[in-house]
Amino acid sequence: MRRLLQFLKKFRDFIIFLLLQVFVLGLFFNSKNYHKATLMNTSSSVVGWFVEKKHNISKHFSLSEANDSLAKENAELRELLPESFYKLQDKVYYVNDTLYEQQYQYIPAAVINSSDNKRDNYFTINKGTKSGVGEGMGVISKDGIVGFIVDASSHYSIVKTLLSENINISVKLKKNNEHWLLKWSGEDNRIAQINGVTRDIDIQEGDEIVSRGNKGIFPEGQLVGTVKELISIDGKPTLNVNIDLAVNFNSAYHVYVVKNFLKDEQAELEGDLMDNE
Amino acid sequence: MNNKWVKYSLIFILIVLIQGLVVNNIQINEYFNPMVYPIMIMMLPFELNAVITMGVALILGVSVDAFSNTFGLHASSALFIGYLRPTIMKYIRPKEGYDTSLLPSIQDMGTTWFLAYVSVIIFAHHLWFFSIEILRFDLFVLILAKTFMSFIFSIGLIILFQYIFYKPSKK
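Order-wise, the sequence lines are chains F and P.
Every letter in the first sequence is one number past the one before it in the numbering used here, and letter 77, counting from 1, is 77.
In the numbering used here, each residue carries its 1-based index in the second sequence increased by 1000.
Next up, chain P with everything else stripped away, as it sits in the complex (with noise of 0.2 Å):
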């Protein structure tokens, strides 16, 4: 249990850094603003309650906040997605339930759950963001292209430090 929650933190920690030295620098044009660290939230154990999340949430918000200059809007959308997360898994629960002893990830889930998981969160999640960044009603459409370009980056980014950072859990 001990071992898991260090586990936890030191990634924390480095997806903190990575999202904040790295990709925040991925400035391509307007359009394209991907964030990985949303991976942090999503891999949290099956069985988390929701004001951990968001707990979890606001500190990770929080700190990719102060790399990015943004004060406060990485927190409030953390915090939405940290909200909806049980939601979610409830909706796409398979037919058996949860098996606690794995992890919401794509080596353990399959591709097809988690593309349905990474898609609901990151959508809302970019959306969230964007609306509160911009927050004008004549400026939907850009709303929706900023959502729909960094989405796809998002999770190409997501996939790829799937594989990096996490291994099968063992059954």
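The following block holds chain F by itself, in its conformation from the complex (with noise of 0.2 Å):
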């Protein structure tokens, strides 16, 4: 008994070092394989009012630039409107649509905190659960995906960019549906990778990469980016390839929550398939 108190004594720093420590790396590892944030995050109240009063001061140094994306694409929209068409025939465009019911609302918000130096990098974002954000949410800029909510607090998010480590949103090759999952190995902030892509597809250099939207977080055909080089590997069969991300994720400012309103729809039904397996 002496002894072990002895010993205890002795290594009692080391043992204390080692207890905080698993604890410390076990929220961090956990914080990687869920999509759910376990630690404070700069969407809890008291970090998320310095971040915006921060944010308050820089966003002005990128007005201009940020003013001169929303004009591009206020252009761009606007020809898509009714009155920018030439009228074929009377009565095309009905406000109460039948036809159509609206799947997604955007909710646009502004990027008041981000990195894209780490291994896992998030942007927090100034709109929260009182503007209808919520967790699993995706997020888009008016180049291409961003990444999904994975904590909310009633004025602040947390996205979890492309540019995270088992990030896997399913991507799919434009121009004949093929999909896989997209992932990050964490070297390069312009460049994603999709692995294990079989030689018998028909992918070039150039190719657009959207997205899948088979989960209901983006709708389909977002642009993710476009493939860089296709990489063969000794020894194996299949081929990796580079994508160049569409969204620069250093200077990204207005995005866009993805809202689905049938999403819960499509989860109880594939829910539903799940159970009876």
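In case anyone wonders, no lab produced these hints; they're calculated from the structure.
None of the hints are false.
Derived DSSO-like pairs: lysine-lysine, alpha-carbon spacing no greater than 27 Å straight-line:
no.: 1; chain 1: F; residue 1: 142; chain 2: F; residue 2: 259
no.: 2; chain 1: P; residue 1: 1090; chain 2: F; residue 2: 9
no.: 3; chain 1: F; residue 1: 183; chain 2: F; residue 2: 228
no.: 4; chain 1: P; residue 1: 1007; chain 2: F; residue 2: 54
no.: 5; chain 1: F; residue 1: 53; chain 2: P; residue 2: 1007
no.: 6; chain 1: P; residue 1: 1090; chain 2: F; residue 2: 10
no.: 7; chain 1: F; residue 1: 10; chain 2: P; residue 2: 1095
Combine the two chains into a complex, taking the hints into account.
Following this line, the structure appears as structure tokens:
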């Protein structure tokens, strides 16, 4: 007994260090594997308040750039309005259209805190549950897919970006609908990867990779990036593909949170299927 | 005594805010990830034991984590140097021992001692940080590259902060 006490006394510091380390690293690795935040983050009210104050100062430095990109997007959207089409036939556009039911709603938000040089990169945006943002919703910008929400407080939310380990977003080749999971190796913040592309698939440099939309997080066909290079590895029958990401994560500012009105319906239906199996 | 801990708390809050709101935004490229908050652990009094140092380090790390969305990575690295600090201090102890009325700062302890102290602590901190963050043997070169680049930047910032926030102790 005395030996044990002596031993404990001698290694007291180390034992405390080990226990705390296990606790902290447990939280850290959990945050990688679950799509849910486990520790205090920038969506909490105190930290969020500080981050927003900082944002209020620093946003002025990028305003003109942000305005230009918004004006450009406005112009593009204006082209799609009914007024900008020549009417070939009367009464083509209805306000209460019974052929189309709205599935996606977009909530505009601004990125108030971001990183792009870590192994897992998160954005903080200035909209939260009070604006209708919830966990699991997709986030896109005008260039393409950004990520999805992992935690939301009443005024702020945390976005897990494509620049994360285990991001595993389902993507497909635009021209022939072959689909894979998107990965990020953590080496370059402009390039993501798809592994295990079989050689019989017609894939070339410059092909567009878009979202598959199977989970209802993103609408189908949102741009993710373009194929940059095809890499064949000796002794493997499959190709690895490097993708030039469409979004510049260093300067993303205006983003949209995608709210899917039919997501629960889909989940319920697919959940039933799982249960039956 | 009381007064001293009030001062430490204020510096603590200031350091967390500076790290969270200013230094975290220095993102030149993926290799530079400067961190200035270890200065808080480094500047604790000489005689402080490892358990209290680790306590301070844990709170500090979790606060910095909250600002950088790293969910425990900073806390883990801060704990690591909190645990190592007494040992490192023992190895670089000057011949006449430590004068507990002084602080482990560049003004009080001289440039040579401080450079040795800051290099060992920051190197240990960064190597731990990037190893846990990347956690792949085949990317060992990337871990080392990130460690060295950020190491230089962090040490520069910490020496700058030394001169801004800490006055020489009166003898």
